[in-house]
Amino acid sequence: MNWQVGYALKSIQEVRVVTGAENIRGDAIKITAHGRPDAVAVISEADFIDLALAMGYHQQYPEMHFLCGYRKGAVWEGAAIRYLEGQKIGWGNGGTLTSAIQDDNVKTASHKEFFFSDRLIRQLRCVTSIDREFDRIHSVTLADGRKLRIGMVREYEPTAEAVRALWDRFGAVDVVWNINPNGKPTQKAIEAGEELGCKVMKWDELQVLLKGR
Amino acid sequence: MFGSSLVRVGNDFDILVVGPSGEPLSRLKNEIRLAGKNLPLDVLYMLPPEAEETGFVLNEKCVPLLELARSRWG
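Those sequence lines, one after another, are chains A and H. By the count of my numbering, the first sequence reaches residue 213 at its end, each step adding exactly one. By the count of my numbering, the second sequence reaches residue 1074 at its end, each step adding exactly one.
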């Protein structure tokens, strides 16, 4: 059994409503839970899940209800997200899968780390279009014509390293948005942003920036 | 180490690394990438002033890996 499938099975079996979880073949597992239809999840060990990989999994496991990027550092390409959502396949990390089983929304769940912040931006009337380039990178066009590239950082405590790593990996952004509601960017993180040429902020500040007031 | 995997089966193993940035950090990141090839590691990197500013070690009840290894394998 692949290592990530083993870990996933162990943590899924701990979920209160789950009555069984087994490896059916390759990276695919079947989950049975009280009062819920059986669910098939594919547990990927990939660091990067792009469109080709997502489509490949779907072809290999047509019965799949959920694609799980088990590595904490896994990054999802926007095109892969759009494909999966279009096919009514849930996507996200291990925590997203276990929550989705409990909430009985395996087929529609999306990465729980980014779910609320993605929705927050989409709800703003001043945002006219959004290109979700990657799970955590949104290029937004605003009603007044401005364009902003926003990168989300979800660490408990956004650090200078988290800011630099985001910039190195995804290129220049205008804003590094600390999406952890309990987090607070450290002084060094704010300074690292200033050195690179972006602002590190939380939602209250970002909201003001987007609304242009 | 910190987080839920200290007390029960979690989705991953949370590890905090406090140290300088630059070359030593790049080297360490490469080593951790190798060590985590078949492990769900979630590593948080902090500069020493950041660790102090956030009080993370105390607040999250971090346990030194060495101490943990000693307690598990004597």
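Be aware that a few hints might be false.
What the hints assert, rightly or not - Here are the simulated DSBU-like pairs of lysine-lysine, each with C-alpha atoms no more than 30 Å apart in a straight line:
(1) A:Lys30 <-> H:Lys1029
(2) A:Lys112 <-> H:Lys1037
(3) A:Lys30 <-> H:Lys1061
(4) A:Lys72 <-> H:Lys1029
(5) A:Lys199 <-> H:Lys1029
(6) A:Lys88 <-> A:Lys199
(7) A:Lys188 <-> H:Lys1061
(8) H:Lys1061 <-> A:Lys107
(9) A:Lys88 <-> H:Lys1061
(10) H:Lys1029 <-> A:Lys211
(11) A:Lys112 <-> H:Lys1061
(12) A:Lys184 <-> H:Lys1061
(13) H:Lys1029 <-> A:Lys10
(14) H:Lys1029 <-> A:Lys188
(15) A:Lys202 <-> H:Lys1061
(16) H:Lys1029 <-> A:Lys112
(17) A:Lys10 <-> H:Lys1037
If you are wondering where the hints come from, they were derived from the structure by calculation, not from laboratory data.
Checklist entry - Taking only the CA atoms, is the gap from lysine 1029 (chain H) to lysine 10 (chain A) under or equal to 30 Å? => result Holds - the C-alpha atoms of lysine 10 (chain A) and lysine 1029 (chain H) are around 27 Å apart, at most 30 Å.
Checklist entry - Would the pair lysine 10 (chain A) and lysine 1037 (chain H) pass a check requiring their Cα atoms to be no farther apart than 30 Å? => result Holds, at about 18 Å.
Checklist entry - Do the alpha carbons of lysine 1061 (chain H) and lysine 107 (chain A) lie within 30 Å of each other, as the hint requires? => result 36 Å, violated
Next on the checklist: Between the alpha carbons of lysine 30 (chain A) and lysine 1029 (chain H), is the straight-line distance 30 Å or under?
Outcome noted: Violated - the C-alpha atoms of lysine 1029 (chain H) and lysine 30 (chain A) are around 34 Å apart, more than 30 Å.
Next on the checklist: Run the distance test for lysine 202 (chain A) versus lysine 1061 (chain H): straight-line Cα separation, threshold 30 Å.
Outcome noted: Holds - the C-alpha atoms of lysine 1061 (chain H) and lysine 202 (chain A) are around 25 Å apart, at most 30 Å.
Checklist entry - Is the Cα-Cα distance between lysine 30 (chain A) and lysine 1061 (chain H) 30 Å or less? => result 36 Å, violated
Item to check | 30 Å Cα cutoff - pair lysine 88 (chain A), lysine 1061 (chain H) | outcome: Violated - the C-alpha atoms of lysine 1061 (chain H) and lysine 88 (chain A) are around 40 Å apart, more than 30 Å.
Checklist entry - When you check the alpha-carbon spacing of lysine 112 (chain A) and lysine 1061 (chain H), does it fall within 30 Å? => result With a Cα-Cα distance of about 25 Å, the restraint between lysine 112 (chain A) and lysine 1061 (chain H) holds, given a limit of 30 Å.
Checklist entry - Is lysine 72 (chain A) within 30 Å of lysine 1029 (chain H), Cα to Cα? => result 14 Å, holds
Checklist entry - Given the proposed pairing of lysine 1029 (chain H) with lysine 188 (chain A), does the C-alpha separation stay at or below 30 Å? => result 20 Å, holds
Checklist entry - Taken at face value, is the distance from the CA of lysine 1037 (chain H) to the CA of lysine 112 (chain A) at most 30 Å? => result Within the cut-off at roughly 24 Å; holds.
Checklist entry - Within a Cα-Cα threshold of 30 Å, do lysine 88 (chain A) and lysine 199 (chain A) meet the stated pairing? => result Not OK: lysine 88 (chain A) and lysine 199 (chain A) at ~36 Å, beyond 30 Å, violated.
Consistency with the previously given hints fails for numbers 1, 3, 6, 8, 9, 10, ordered from lowest to highest.
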